[in-house]
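If you want the building blocks of each chain, they are given just below.
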Amino acid sequence: MITKRIIPCLDVKNGRVVKGVNFEGLNDVSDPVSLAAYYSNAGADELVFYDITASAEGRQLFTDILKEVASKIFIPLTVGGGINTLDDFDRVLKCGADKVSVNSGAIRNPQLVEEAAKKYGDQCVVLSADIKRVDGRFTVFSKGGRENTGMEAIEWIKRCVGMGAGEVVVNSIDTDGVKQGFDLEMLSAVCDAVKVPVIASGGAGGIDHFTELFKADPCVSAGLAASIFHFGEVKIQDLKKELKKNDILVRL
Amino acid sequence: MIAVIDYGVGNLFSLCSSLKYVGADTVVTGDPEVIKKADKIILPGVGAFQDARKKLSVNGLDELVIEKAKSGSPVLGICLGMQMLFEESHEYGVHKGLGLIKGKVVAMKGRIPEGLDIPHMGWNALKFHNSSPIFKYINEGDCVYFVHSYFADGCDQSLIASAEYGIRITAAVQSGNVYGCQFHPEKSGNVGLKILKAFCEEDGIQ
Chain A
2 MITKRIIPCL
12 DVKNGRVVKG
22 VNFEGLNDVS
32 DPVSLAAYYS
42 NAGADELVFY
52 DITASAEGRQ
62 LFTDILKEVA
72 SKIFIPLTVG
82 GGINTLDDFD
92 RVLKCGADKV
102 SVNSGAIRNP
112 QLVEEAAKKY
122 GDQCVVLSAD
132 IKRVDGRFTV
142 FSKGGRENTG
152 MEAIEWIKRC
162 VGMGAGEVVV
172 NSIDTDGVKQ
182 GFDLEMLSAV
192 CDAVKVPVIA
202 SGGAGGIDHF
212 TELFKADPCV
222 SAGLAASIFH
232 FGEVKIQDLK
242 KELKKNDILV
252 RL
Chain B
225 MIAVIDYGVG
235 NLFSLCSSLK
245 YVGADTVVTG
255 DPEVIKKADK
265 IILPGVGAFQ
275 DARKKLSVNG
285 LDELVIEKAK
295 SGSPVLGICL
305 GMQMLFEESH
315 EYGVHKGLGL
325 IKGKVVAMKG
335 RIPEGLDIPH
345 MGWNALKFHN
355 SSPIFKYINE
365 GDCVYFVHSY
375 FADGCDQSLI
385 ASAEYGIRIT
395 AAVQSGNVYG
405 CQFHPEKSGN
415 VGLKILKAFC
425 EEDGIQ
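So the sequence lines, in the order shown, correspond to chains A and B. Numbering-wise, the first sequence is residues 2 to 253 according to the numbering used here. Numbering-wise, the second sequence is residues 225 to 430 according to the numbering used here.
Isolated chain A, as found in the complex (with noise of 0.2 Å):
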């Protein structure tokens, strides 16, 4: 059967990981060329590269680094960050990403999730959704956080699913930085919606959060973390290896 995955996630800003990364043996900790080749030999599963650049150099620099990112690392790639069109589904897809994610763009625009999905097919096209109760409802939120669009999220993302999305990444702005767990009742009602991988971001705090996790919901696909694996307090191996423990198929 197929392997529960454990996903970091790189923000790259201007050509550098953004957050400070301390690692023994790496020396350039924000060179996101040797944190790739460092995720990947410890084991990630996959990696999610987002571009947090607003200008076209840092753009063009971006599509640079994921060029030899992709030529050095042989595990699927996924991309996101400014994505709005086809044009930017096909930069990333021809500088070795296997998976563009959509978010923001997707919002303004919710036919290029269809455009794209027919494009490059449905593996191809992986939805972002930052979520965060208003009111006790499940809110789509844009712009990497800061914007409310008052749209309800399940129903969104059963809309983008039926375009053509073939993962969802569900990112809880409540339990986004609190390190307390995974938002497993968000999750839930994710997972109890549509057929396609869900994949939990924002919560992770500790190994005990995973395992939690795909102990509760086994319909998760694959935990994404940034902060706690950048910064050394989870190592990927431990992490996998008491995944196995307690009989969470992983891929060691």
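Watch out, some of these pointers could steer you wrong.
[Said to hold, decoys possible] Covered stretches of chain A (in silico footprint by chain B; criterion: 3 or more residues with CB under 8 Å from a CB of chain B, positions within the stretch not fixed): (1) 71 to 85; (2) 89 to 101; (3) 173 to 181; (4) 190 to 198.
Since the hints were made in silico from the structure, they are not lab data. On a predicted model such as this, the values are computed, not experimentally measured, just so you know. Note that the Cβ used here is the ideal one computed from N, Cα and C, for glycine as well.
Starting from the known structure of chain A, arrange chain B on it as the hints suggest.
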């Protein structure tokens, strides 16, 4: 020299990078003259069977692959490229394959248990059914990366590895000098690189 056949289907960036990584002398080409001279052939592919099959027939590349395979050169089909090695595919109608390996390609839908997602996407473990030179550097139970909605069936004679996804899914086949991987070795980390390295070291049948 290994010819990676470029017939306008899918992105060859990762495959070429991984072949370069294992030190293979590789050329990406759709030129029949270059392919004729190659020692080995890799037939990649993603997307829909019918479209890919049609594109492969342009300039007679399909006949050339068959000719090379029959002359003893090692041939490796990857993902849709592997599916094309079979006699036929039942993806949106019935379409003829290259017929190099006995069996047909069928949909997972209706054959795998309800509740399992399609495509079969992610890391899954290999179970060996027969020894093969392309597995000489890897072990049973190693995980490789799959993305597919159709799979090869009726190919017990050539089955060298399978993966379990509610049912037995054909993961890799070999018939003499013709090899196929349903999974993506170029996306399967070190295990995938070892499979490509082993294929690159194959001499073929003289």
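Consistency of the hints with the structure:
no.	hint	result
1	71 to 85	holds (count 6)
2	89 to 101	holds (count 5)
3	173 to 181	violated (count 0)
4	190 to 198	holds (count 3)
Hint compliance for this structure: hint 3 alone is broken.
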